[in-house]
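Take a look at the letters that make up each chain.
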Amino acid sequence: MQKYAQILDLVRERNPLVHQITNYVTVNDCANMTICFGASPVMSHAPEDVVDMIKIASALVLNIGTLDEKQIEGMIAAANEAKKCGIPIVLDPVGAGATLYRTQTAERFMNEFPLAVIKGNAGEIGTLAGVSATVRGVDSGNISGDPKEIAHSLAKEYGCTVVISGAEDIISDGKRIAGVLNGVPIMGKISGTGCMASAVCGACAAVSDSMDGCITAMAALGIAGEEAAKTAKGPGSFKPAFFDAVTSLTNEQFIKSARISEYQ
Amino acid sequence: MQKYAQILDLVRERNPLVHQITNYVTVNDCANMTICFGASPVMSHAPEDVVDMIKIASALVLNIGTLDEKQIEGMIAAANEAKKCGIPIVLDPVGAGATLYRTQTAERFMNEFPLAVIKGNAGEIGTLAGVSATVRGVDSGNISGDPKEIAHSLAKEYGCTVVISGAEDIISDGKRIAGVLNGVPIMGKISGTGCMASAVCGACAAVSDSMDGCITAMAALGIAGEEAAKTAKGPGSFKPAFFDAVTSLTNEQFIKSARISEYQ
Amino acid sequence: MQKYAQILDLVRERNPLVHQITNYVTVNDCANMTICFGASPVMSHAPEDVVDMIKIASALVLNIGTLDEKQIEGMIAAANEAKKCGIPIVLDPVGAGATLYRTQTAERFMNEFPLAVIKGNAGEIGTLAGVSATVRGVDSGNISGDPKEIAHSLAKEYGCTVVISGAEDIISDGKRIAGVLNGVPIMGKISGTGCMASAVCGACAAVSDSMDGCITAMAALGIAGEEAAKTAKGPGSFKPAFFDAVTSLTNEQFIKSARISEYQ
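Chains as they are written, first to last, in this note's numbering: chain Z, 171 to 434; chain V, 171 to 434; chain C, 171 to 434.
Heads up, a few of these hints could be off.
The list treats identical chains as interchangeable, and a pair is accepted whether it falls inside one copy or across any two copies.
Straight-line alpha carbon distances no greater than 30 Å define the calculated DSS-like cross-link-like pairs of lysine-lysine that follow [what the hints assert, rightly or not]: (1) K254 x K403; (2) K359 x K326; (3) K359 x K225; (4) K345 x K240; (5) K225 x K240; (6) K254 x K240; (7) K400 x K345.
Hints in this document: simulated from the structure, not taken from any laboratory.
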């Protein structure tokens with residue numbers, strides 16, 4: 171647990187700038203969560219703007235939740251520069267499987283860029299892994315098959331870390347496979363939990379190995395969610411409490427509460 | 171009251187996917203309110219994306235709060251597919267009357283698509299009904315004439331349900347006319363109450379007759395607003411309490427608290 | 171203090187419509203803060219829409235936080251009409267200095283339009299004033315040189331009011347120089363504080379002299395922030411408390427708590 175807790179510290183110390191090109195639904199939550207986690211968010215999507223911004227950023231997060239042609243242009247320009255600069259790229263393929271446009275765009279980024287992390291729910295990752303999956307809008311879907319196997323083989327194929335969010339988050343870099351059991355159901359009752367997790371995976375990947383970074387990110391948000399749920403009266407009051415809990419999360423609390431399993 | 175309360179249950183049971191093409195100001199509130207109400211939101215606006223998404227959606231909500239040409243393209247593609255699939259289309263003509271662009275766009279959708287619901291404030295609906303109306307930005311305006319008559323005749327003309335939000339919400343499908351007295355002034359002190367109501371009208375229209383659905387939606391949000399106002403110290407604390415109150419609203423509470431009048 | 175407190179009253183009395191073309195990250199916060207402050211927000215960016223909207227607006231706020239070509243088109247159309255109508259234009263050059271695109275766009279608006287207010291952090295204003303500045307994404311940066319001098323000379327050069335936000339906000343109209351010490355560090359731990367301040371500067375500039383208006387805006391938000399920080403457990407709970415505190419801020423509280431220095 172110590173090594174994961176240290177990643178929390180590293181983010182807070184180095185305050186990495188996380189460049190995010192994301193959907194217009196949860197973008198404010200992503201910005202605030204990035205700050206609460208100890209990093210700095212910057213949102214920029216114009217092809218004219220992203221190259222300069224990537225030069226000073228430490229990670230790039232691409233979230234396709236409200237995709238369009240203009241946004242793809244900006245994402246490509248940013249990803250090209252991120253590749254050149256060698257900073258980690260996180261892809262959140264929101265809604266892959268629900269529409270062909272989203273699936274194909276996600277695949278395009280997977281095939282054309284050296285992604286550090288692909289993070290989605292079971293339906294999205296299942297779709298991209300080519301296994302039978304059901305996706306309904308942007309809700310978490312289901313897959314046939316073992317998520318550990320799917321994460322492992324997709325990670326191996328693309329040389330990146332794959333995160334499948336769920337009751338147990340599964341994380342694999344193609345070698346190791348880990349599970350994170352932290353979290354509470356109310357986290358699924360607010361819009362943006364997945365998007366915020368991707369932002370935070372970006373912050374962690376900016377300061378550490380992607381696999382360890384994603385484990386840390388998922389466990390930290392899960393623990394904060396558990397903490398926030400203690401006082402929340404519903405999804406409305408959960409959200410501010412969640413931001414507070416992420417901000418005040420200590421190493422000690424992380425080490426005590428993290429439920430991380432190494433499966434392989 | 172029983173039949174309206176049952177619509178609440180139906181939404182929670184069937185969890186309809188509500189496709190929303192909406193403004194970038196209140197989109198996060200709309201997503202969260204849709205979830206709190208028991209439905210699922212999905213936001214998608216690219217012409218390349220919307221057709222696939224509509225195929226799995228149960229309602230389409232078009233909100234013109236921050237309109238532009240690209241968004242209109244996406245709205246038209248989505249509305250065409252919604253028409254083909256026979257799912258209800260809700261139009262929230264935000265700011266109609268304030269600018270010609272908004273008025274004409276709203277009219278275009280009214281004339282070209284079989285809308286299930288048109289929901290706006292007095293100024294917006296008055297403008298679209300061709301009565302003398304004052305609209306100031308996106309604030310609720312005033313109309314000359316009886317809102318019951320205006321809602322009734324506009325609904326009749328377009329074969330849809332018309333909702334005029336206000337201290338008393340007026341709802342008509344061209345045959346019946348109903349009023350909903352639930353709600354509190356602080357609901358007008360946060361941005362997005364009207365947009366959230368439209369999202370929830372979409373959720374209800376997905377599982378029931380539009381007229382009954384809109385009555386249910388307006389009464390449910392009004393009751394939740396009354397509940398939330400009891401503990402709120404201002405608009406800031408009202409908002410999370412409002413989301414909590416919608417989430418925890420029971421049938422019993424709805425039946426006890428709904429103030430619905432059938433005028434015709 | 172009396173004259174500043176009266177500006178608070180004037181905003182609440184006249185309820186000016188503040189037209190905002192802004193970034194998609196903090197737009198909801200800007201809308202809500204505008205309402206809490208006693209004004210009315212309207213967001214509209216399409217060239218086809220902005221001209222009609224400006225005709226009924228009392229101020230225009232341009233925030234370049236998530237700039238793109240389409241948005242610049244809308245900003246230019248709106249600024250041209252605002253110039254014609256003689257309403258104050260506030261520019262928030264978010265991220266100027268971080269990318270050339272942002273710097274040049276900010277300069278373009280400074281050179282082509284009669285701005286009433288330029289409001290940014292030290293790095294942004296330093297960049298635009300041509301002094302050595304460091305900017306990191308959209309975070310507040312540093313400048314070499316005296317912020318009072320920089321604000322004063324930039325204000326003089328452009329015939330407008332310049333606000334440099336910081337631990338002490340510096341405000342100058344090229345003649346007077348004032349400082350506002352209100353505020354708390356947690357205001358920098360939520361996304362959007364600067365954007366909300368620009369919106370509120372627009373509301374105040376709509377009803378008063380820009381210099382006095384900006385002093386009032388910065389002091390009022392600072393005092394409300396101090397109040398909200400008393401009960402906040404972190405950035406998450408700070409935000410709703412901040413909105414509540416702005417809404418309930420009284421003249422008496424303003425006069426008692428404002429820490430405004432006139433340096434020249």
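Hint compliance check: list the failing hint numbers for this structure, sorted ascending. 1, 2, 4, 7
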